[in-house]
Structures are given as C-alpha cells and as structure tokens.
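Protein chains in written order, with the numbering used here: chain A, 1 to 211; chain B, 212 to 599.
Keep in mind that a hint or two might mislead.
Think about it this way: if two alpha-carbon atoms lie no more than 25 Å apart in a straight line, the pair counts; the simulated PhoX-like pairs of lysine-lysine are [claimed, not checked]:
#1 Lys338/B x Lys221/B
#2 Lys223/B x Lys207/A
#3 Lys40/A x Lys6/A
#4 Lys318/B x Lys223/B
#5 Lys337/B x Lys207/A
#6 Lys6/A x Lys207/A
With beta-carbon atoms standing in for the labels, derived distance ranges [what the hints assert, rightly or not]:
#7 Leu108/A x Leu558/B: 31 to 39 Å
#8 Lys338/B x Leu62/A: 51 to 59 Å
#9 Gly183/A x Asn590/B: 44 to 52 Å
#10 Asn590/B x Cys30/A: 54 to 62 Å
#11 Ala171/A x Ala332/B: 25 to 33 Å
If the Cβ cut is set under 7 Å, some of the chain B residues that face chain A in the computed set are [unchecked claim]:
#12 Phe400
#13 Ala401
#14 Tyr402
#15 Pro403
Hints were generated in silico from the structure; no laboratory data involved. Built from N, CA and C at the ideal position, the CB exists for glycine as well.
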Amino acid sequence: MSLFSKENGAVFTGPLNLNNPIAVQVLGICSALAVTSQLKPAIVMGLSVTVITAFSNVIISLIRKTIPNRIRIIVQLVVVAALVTIVSNILKAYVYDVSVQLSVYVGLIITNCILMGRLEAFAMQNGPWESFLDGVGNGLGYAFVLVVVGIVREILGFGTLLGFQIIPDSAYIDNGGLYINNGMMTMPAMALILVACFIWVHRAVNKEENK
Amino acid sequence: MTFIKNMLDKMKPTFSEGGKLSAFGSLFDAAETFFFVPSETAKVRGAQIHDAIDSKRSIFFVVIALIPAILFGMWNIGYQHDLAVGCTEDCGWFCQFLYGLAVMLPKIVVAYAVGLGIEIAIAQWKKEEVHEGFFVTGMLIPLIVPVNCPLWIIAVATAFAVIFAKEVFGGTGMNIFNPALVTRAFLFFAYPAMMSGDKVWVNAEYMDCINGTVDGYSQATPLGQLAAGEPVGYSAMDTIIGTIPGSIGETSFIAIMIGAVILIWAGVASWKIMLSTFAGGALMAYLLRYGDAEALNFEWWEQLTVGGFAFGAVFMATDPVTGCRVEAGKWIYGFLIGVMAIIIRVLNPGFPEGMMLAILLMNVFAPLIDYCFVQANINKRAKRAQIK
Numbered sequence: 001m002s003l004f005s006k007e008n009g010a011v012f013t014g015p016l017n018l019n020n021p022i023a024v025q026v027l028g029i030c031s032a033l034a035v036t037s038q039l040k041p042a043i044v045m046g047l048s049v050t051v052i053t054a055f056s057n058v059i060i061s062l063i064r065k066t067i068p069n070r071i072r073i074i075v076q077l078v079v080v081a082a083l084v085t086i087v088s089n090i091l092k093a094y095v096y097d098v099s100v101q102l103s104v105y106v107g108l109i110i111t112n113c114i115l116m117g118r119l120e121a122f123a124m125q126n127g128p129w130e131s132f133l134d135g136v137g138n139g140l141g142y143a144f145v146l147v148v149v150g151i152v153r154e155i156l157g158f159g160t161l162l163g164f165q166i167i168p169d170s171a172y173i174d175n176g177g178l179y180i181n182n183g184m185m186t187m188p189a190m191a192l193i194l195v196a197c198f199i200w201v202h203r204a205v206n207k208e209e210n211k
Numbered sequence: 212m213t214f215i216k217n218m219l220d221k222m223k224p225t226f227s228e229g230g231k232l233s234a235f236g237s238l239f240d241a242a243e244t245f246f247f248v249p250s251e252t253a254k255v256r257g258a259q260i261h262d263a264i265d266s267k268r269s270i271f272f273v274v275i276a277l278i279p280a281i282l283f284g285m286w287n288i289g290y291q292h293d294l295a296v297g298c299t300e301d302c303g304w305f306c307q308f309l310y311g312l313a314v315m316l317p318k319i320v321v322a323y324a325v326g327l328g329i330e331i332a333i334a335q336w337k338k339e340e341v342h343e344g345f346f347v348t349g350m351l352i353p354l355i356v357p358v359n360c361p362l363w364i365i366a367v368a369t370a371f372a373v374i375f376a377k378e379v380f381g382g383t384g385m386n387i388f389n390p391a392l393v394t395r396a397f398l399f400f401a402y403p404a405m406m407s408g409d410k411v412w413v414n415a416e417y418m419d420c421i422n423g424t425v426d427g428y429s430q431a432t433p434l435g436q437l438a439a440g441e442p443v444g445y446s447a448m449d450t451i452i453g454t455i456p457g458s459i460g461e462t463s464f465i466a467i468m469i470g471a472v473i474l475i476w477a478g479v480a481s482w483k484i485m486l487s488t489f490a491g492g493a494l495m496a497y498l499l500r501y502g503d504a505e506a507l508n509f510e511w512w513e514q515l516t517v518g519g520f521a522f523g524a525v526f527m528a529t530d531p532v533t534g535c536r537v538e539a540g541k542w543i544y545g546f547l548i549g550v551m552a553i554i555i556r557v558l559n560p561g562f563p564e565g566m567m568l569a570i571l572l573m574n575v576f577a578p579l580i581d582y583c584f585v586q587a588n589i590n591k592r593a594k595r596a597q598i599k
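Bound-form chain A, shown alone:
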C-alpha cells in the first residue's frame, strides 16, 4: 500500500471533520475548557497533544506485537508519560510563560481520553505510518476546536488576540465608549457553552453523515 493512498487519506482527514475527537466523540473536553481562555495557550496545547498523540501512536504501533495483552495499558501509559515529560520540559525551556499558563494541564495530557483512545483503538491494530497519520489527524482535530474556542474567548473576554489589542481602547466604557469585556468568557462555564455551540453547528452542517 502506498504511503498516500486513499485509505490513508481517510485516516488522516476523518478526525479533522466527521470523526472529530471533540465535536463527535466528545473526548478531551476537560482540557478544552481549561486552556482556551486565550489563543496562545490553546495553540500550544493543541500542538503538544498533536505531537504526543502522533509519536505515542508510532511507538505503540511499532511494539504492538511484543506487548503482552494483559499489561498493555501500563505500557501505553509509560510511553505517553515519557513523551509528556519531554514536551513539558521543552515548553518550559522555550515558551516559559505559556507553560506557566498551562500549568498542570500539560502534565494532564497523560490522562487525555483522546490519547488512550487512539492507542487502544488504532495503534494496537495498525502499522506505524497509518498510526502516525491517525495521531496527527486526531491531534489537529482537537487543536482546531481549541483554536476556535480560544479565538472567541480571547476576543470577547479580553478584547485581544494573541496578546494584540483587537477592540480599540476608545470603545471601552472607561474611555468614554460603551464596550465592556465579557467576564463570563474567561470562565470555564462559558467555554463549555461555546464547545456546545461548536458541536451544534457541526451537527447541523453534517446532518446526513451523522445519521
């Protein structure tokens, strides 16, 4: 089978849209609520999860035939934990402020349902290249939702985007305007409603496929 065959394409694009881990499988919601109050941490979190899912998928796929079935979960956890530690240290070294913002949630990637789900459901049965594509696809599908929610929450909650002021200063009520930032957007409760809206729109658009 060639590297970029149609089946492999479907493995990659499926989780981006019709099998999106957040919008369709409703996995990984917890971190999606916690890290999306601003766009930057949302992007970093999405990329971290993508990298970890992709490489843990590859590693597990390579050793899938030698893992004893009864302890496979522990083996998977060890692999994921090692990758999470590496990513966490890289973040601390190069983007320290974001890693402080993400705090425990980088470490908690280890408990992300998407990771264990992909390892169990896909990497244990498929070859390394397919597993890699599946991991990248799922990670990006997850990252996409995070970015959308992050954009909405940062603009409405802080009036900024990636730290740059979007809503002009003169519009604020302190400077004679009318506008006030929406404090609800900075709370996880609103993130849950936004994710729900995303799922709502997604289901409305893909009505046929979801039946």
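Take the given structure of chain A and dock chain B to it, following the hints.
Chain B alone, transformed into the frame defined by chain A:
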C-alpha cells in the same frame, strides 16, 4: 373589540401559509391570540382538562401583579437621582416619576424587543406558535437590574438567556432555569462592574428635570454596607417602603406584597412557596444574625425586606415551570430557597446578595423533589394494593 376583530380577520389571509407576509405568520398568530381566545381547541386524544383560562391569560395576571413594583421602581429611580443631586425639594413626586419612566422605558423596550424577536424567529423557523412565557420574563428583566445597566448589555444578556436557558431546552414550559434569573446571572458574572458595587444604583445620565448630572455617584445598598461591615444607613421603615437604592423593582417590600396578594388571589402563584421561602429565610436570618444589631442598625428580620429576597420569593421562586409541582414538595422547595439565600448572603463574602443563586440552585433540585414525592406515593399505594 369588534373593530380589532374585523381588522385581524381581514389581515389573516396575508399572513397564512402562501400569503404575502407568511414569514411573519407567528407574529400575527401571537397578536391574534393575545387579543382573543383562539377558536381552535386541542384535538380530543387522551385525558383533557377544560379551563377557561389559557396560559396567555394566566401569565397576564403576573404582569398585572408586577405593576405596583414597576410604578414604585420608576418613582424610586427619580427619587434616588434627586437625592444624589440634592434637589428633592424642587422636584415633586410626579416629576420624579416621569424621570424614572424615561429611564426605565428603554430597558423594558430593549428586553421585549430582543427576547420576543428571538422567540418569534425561532417559532417561525420551527413552524410552531409563539409562546407567551416571555411576557413575564421581559417585564422581570428590567426590574432586576441596577438602573445604570447599559442597554446593549441587557440586550446581550436577554439574548443569551432566551437562547441558552429556554430555546435549547425546547421553549416555554420546558426550561430548567428561570430565564429572567439566567439573564441576571449572566450579567452578574459577565459584567460584574455593572451589576454590583456602589456606583450603579443612581442614574448618572443627563436627563434631570431640574438641573445637574451625577457622575458616578456612590450609593451603597443595605446589603453592600453589611458586606463591607459598615452600619446600614437606612431605617427598617425605609427598607419596607422601598426608598433605598437597589435593583429597580426589588426595593419596595410593600409594592411586592401587593403583587403577592394579586397573584394569590388570582391563583396563579403558589402561596405555599412564598410562605415557606419567607419562613426559611427568617429562620436562617435569625440563626445567622449579624453581631451587634444596634451598632449595625440592622435587625435579623430586615434580611427579608432588603435586597431581592421578597421580589425573588414572590415572582421568581413561584415560577410554575421551574419550581416544584408536587404540593407537599413546594414547602421544601421554598424553605430551602430561603435558607440558601441567607446562607449565601451572610457566609459568602463574595456575594452580598444570594437570592438569585439560591433560586437557580433550587431550580435544579425541583425535579428531584418532585420525583421523591411521586415515588414515595407510588410505593405507598403499591404496598397498600398488595394482598397478604
């Protein structure tokens, strides 16, 4: 009335299916059933209860019961403003009322326009008829916000509440939470600077009937003063009559009680919920009374007259959709609302006012209370039916 009837009958074909203005069919339908009891009756299928009063009529009683609080609230807006400017002598009560009317009217219009607009759009889209629940909600929203709340914020919060607290659950009669309270909760958490503190209770716009404007005039509510540990600057009589700063409709205990009498007389709201809410609040206020009543100028029973306690107990807790439906359960439902409201007020430093959160919390538990009572009854009867 015949004139209106003839006019509506003439207009009907334009708005029906295939007519020129069929896109506004649900709006026409709402207007027609507002004036006249609809001619169609429910299809005979299963058990039916026949009653002359439909939900449009019964909901109208709530709006009538709100009138004393609305009128007093309007006057109080003007009175508080004149008090702040220092011209209570120059301006008579009627002029103060007109000032309040001018401030209050845009809020009512915005709440109705946004809420009904969304409801009509959704009804048209789903091909259902417009439900009347929003008549009360749209009146309650302006009454439970501070006078300085900007109009666009009210519009955003109303839209949020109508969509996420009502329509996603299936519209009128299906909602878990009281939409007016969700509006207030959204405002409270999204724009806290506009909802609490001491700068929002006196209208600061230049609309004075005599002269002068107030720029961010500080005026703390009794609950705000208590939360800050200061003595209350208002006598018990002030809080009962309602000449204190506060959300527009909530200040006057007397006006709210007149509304309560109307509601109970019309049989629209449950007196059990009202009574038990006050009982629960009184008990908890007595148990958790503030240290020195004399120094603080605040007796424990005044907890029931300040803030939104009375307004919530009479108009919010008794909402037939979100409240308890089992008669015995209503006692527990109301009692716990009263208890929770005072606990939040006294023990939580972050929230000087607890009524909104207490009612929303008990909205969640109302179905559970119903379930327990119904299940207990089923078990009791099942036991009785068993033959030994």
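Any of the earlier hints contradicted here, and which numbers? 2, 3, 4 and 10
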